[in-house]
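Using the working numbering, you'd call the opening residue of the sequence shown number 201 and step up by one each time.
Just so you know, the hints here were simulated from the structure itself, not pulled from any lab data. There may be inaccurate statements among the hints.
Straight line, CA to CA, 25 Å or less: simulated DSS-like cross-link-like pairs of lysine-lysine [said to hold, decoys possible]: (1) 204 / 332; (2) 476 / 204; (3) 419 / 207; (4) 209 / 414; (5) 612 / 209; (6) 419 / 332; (7) 470 / 204; (8) 617 / 322; (9) 332 / 568; (10) 322 / 414; (11) 207 / 322; (12) 204 / 568; (13) 478 / 207; (14) 414 / 568; (15) 478 / 322; (16) 322 / 332; (17) 429 / 419; (18) 368 / 617; (19) 207 / 470; (20) 476 / 209; (21) 414 / 617; (22) 332 / 542; (23) 207 / 471; (24) 471 / 209; (25) 542 / 322; (26) 476 / 322.
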Amino acid sequence: MVEKIFKLKEAGTTVRTEVVAGITTFMTMAYIIFVQPAVLSATGMDPGAVMVATCLASAIGIFLMAFLANYPIAMAPAMGHNFFFAYTVCLGMGIPWQVVLGATFISGVIFIVTSLFAFREKIIDAVPDSLKNAIAVGIGLLIAFIGFEWSGIIVSRQGTLIGLGNLKSSPVILSFIGLAIISILLALRVRGAMLFGLIATTIIGMPFGIVQYKGLLSKPPSLAPTLFKLDIAGALREHLFAVIFILFFLDLFDTVGTLIGIGQQGGFMKKGRLPKAKQALLSDAIATVNGSMLGTSTITSYIESAAGVSAGGRTGLANIVTGLLFILAIFFYPLAEMIGGKYQVPGSIELHPVIAPALILIGCFMLKNVIRIDWDDYTEAVPAFLTIMVMPLTFSIMEGIAFGFIAYSTLKLLTGKRREVHLILYIFSVLFLIRYIFMSY
201 MVEKIFKLKE AGTTVRTEVV AGITTFMTMA YIIFVQPAVL SATGMDPGAV MVATCLASAI
261 GIFLMAFLAN YPIAMAPAMG HNFFFAYTVC LGMGIPWQVV LGATFISGVI FIVTSLFAFR
321 EKIIDAVPDS LKNAIAVGIG LLIAFIGFEW SGIIVSRQGT LIGLGNLKSS PVILSFIGLA
381 IISILLALRV RGAMLFGLIA TTIIGMPFGI VQYKGLLSKP PSLAPTLFKL DIAGALREHL
441 FAVIFILFFL DLFDTVGTLI GIGQQGGFMK KGRLPKAKQA LLSDAIATVN GSMLGTSTIT
501 SYIESAAGVS AGGRTGLANI VTGLLFILAI FFYPLAEMIG GKYQVPGSIE LHPVIAPALI
561 LIGCFMLKNV IRIDWDDYTE AVPAFLTIMV MPLTFSIMEG IAFGFIAYST LKLLTGKRRE
621 VHLILYIFSV LFLIRYIFMS Y
């Protein structure tokens with residue numbers, strides 16, 4: 201049965217190899233189980249329900265990828281998308297999380313439609329590589345900035361806006377320890393470095409009084425606080441068309457990039473194209489729709505799947521193992537509470553000193569895209585720079601994308617390079633510009 205479904209012999213692999221690969225992939229991406237509740241709970245969402253929704257939505261998406269495309273490419277809520285959901289739209293724009301789940305649902309439906317037709321290539325081609333890379337870098341800086349804030353390393357200051365926190369405080373010391381542990385494990389190429397680092401930091405945090413031991417296993421938290429709480433009509437009433445577009449664009453951009461990257465690494469590409477790409481994209485799109493109904497942000501393919509491919513994973517059987525581990529994880533909510541829990545400092549914001557090092561290092565990972573930007577061509581460099589800087593400085597992924605789109609279209613138009621800009625980019629640049637003109641400050 202297994203051979204018939206996953207064609208192990210044809211792929212040159214074995215059941216044992218696929219099991220090891222599936223476990224390896226889970227270990228490298230399991231940090232999202234602890235990070236996601238911490239991020240989305242800032243919007244008022246129930247952290248226990250978010251954790252269960254994250255695990256179940258990830259597992260369903262992973263199984264879809266296994267059976268529809270037979271690839272060892274796992275899925276989970278995307279880093280960056282979750283911060284866009286929480287900090288840009290909910291906290292920044294004041295939109296209720298139920299409405300943003302509705303916008304996520306709509307973006308997923310659009311993704312499903314475009315996955316069935318060639319229109320997705322036009323959308324991908326519409327955004328130049330310089331802006332694609334700049335968006336990744338900007339999101340990385342925003343995530344890292346929040347990591348520094350959650351650690352207590354940086355704090356708000358009158359006059360300079362931000363400044364150095366109390367480096368002698370327990371949360372800051374714990375965050376530095378966690379940063380060192382995870383960095384060392386990464387440097388030593390330890391698989392699951394992020395997960396092991398988070399667990400080690402949690403244990404070290406107990407004597408500090410920062411982490412309270414709550415046990416390891418329990419029955420899963422109730423999914424009721426988020427299940428089917430999405431407000432689709434509200435998303436349409438709020439006219440969140442720009443938000444829906446960005447949710448869709450980020451998902452499409454991340455998924456295509458991951459599929460190509462993993463496809464090349466695993467030898468799945470045939471004459472420069474990925475077989476069953478439509479099924480892979482469809483799996484991702486359906487997972488996002490499903491995730492919004494369960495109560496979590498955009499689901500996308502994870503580049504961490506590369507670890508499983510490196511371990512020999514070549515078929516969807518590895519995904520079955522990864523998905524089962526995500527389901528098993530819902531029984532470890534006490535551990536998730538300890539790792540992602542809040543620590544209240546008197547007169548300060550709520551800190552997440554255990555999670556913070558992971559966010560800082562995720563920002564580090566995403567910064568590598570900066571070398572792919574053509575810094576010698578100022579019609580490419582300036583829009584990229586604005587995209588990168590505006591995101592963390594405004595705490596908004598959408599504003600960074602808007603500044604980048606407008607600057608790119610304007611510079612190309614005024615320097616005689618208007619044909620280098622896709623019509624779709626011009627259209628969205630004008631829409632973003634109109635939004636700024638009529639925005640009430």
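Is the straight-line distance between the alpha-carbon of residue 617 and that of residue 322 25 Å or less?
holds, 19 Å
So if I understand the rule, the pair passes when the alpha-carbon distance is 25 Å or less; does residue 471 with residue 209 pass?
holds, 22 Å
25 Å Cα cutoff - pair residue 368, residue 617
Violated: residue 368 and residue 617 sit about 54 Å apart, past 25 Å.
Given the hint that residue 478 pairs with residue 207, does the C-alpha gap stay at or below 25 Å?
Satisfied, since the Cα-Cα distance of roughly 19 Å is no more than 25 Å.
Please verify whether residue 542 and residue 322 have alpha carbons no more than 25 Å apart.
Status violated; Cα separation ~43 Å.
Does residue 204 pair with residue 568 here, judged by a C-alpha cut-off of 25 Å?
Between residue 204 and residue 568 the Cα gap is close to 41 Å, so the pair fails against 25 Å, i.e. violated.
Taken at face value, is the distance from the CA of residue 542 to the CA of residue 332 at most 25 Å?
violated, 33 Å
Holds or violated: are the alpha carbons of residue 322 and residue 332 at most 25 Å from each other?
Between residue 322 and residue 332 the Cα gap is close to 14 Å, so the pair holds against 25 Å.
For the pair supplied as a hint, residue 204 and residue 332, is the alpha-carbon distance within the 25 Å limit?
violated, 39 Å
Given the proposed pairing of residue 207 with residue 470, does the C-alpha separation stay at or below 25 Å?
Cα-Cα ~17 Å, so holds.
Keeping to a limit of 25 Å between CA atoms, is the pair of residue 207 and residue 322 held or broken?
violated, 33 Å
If you draw a straight line from the CA of residue 207 to the CA of residue 471, is it 25 Å or shorter?
Answer holds: residue 207 to residue 471 is near 21 Å, not above 25 Å.
Consistency with the previously given hints fails for numbers 1, 3, 4, 5, 6, 10, 11, 12, 14, 18, 21, 22 and 25, ordered from lowest to highest.
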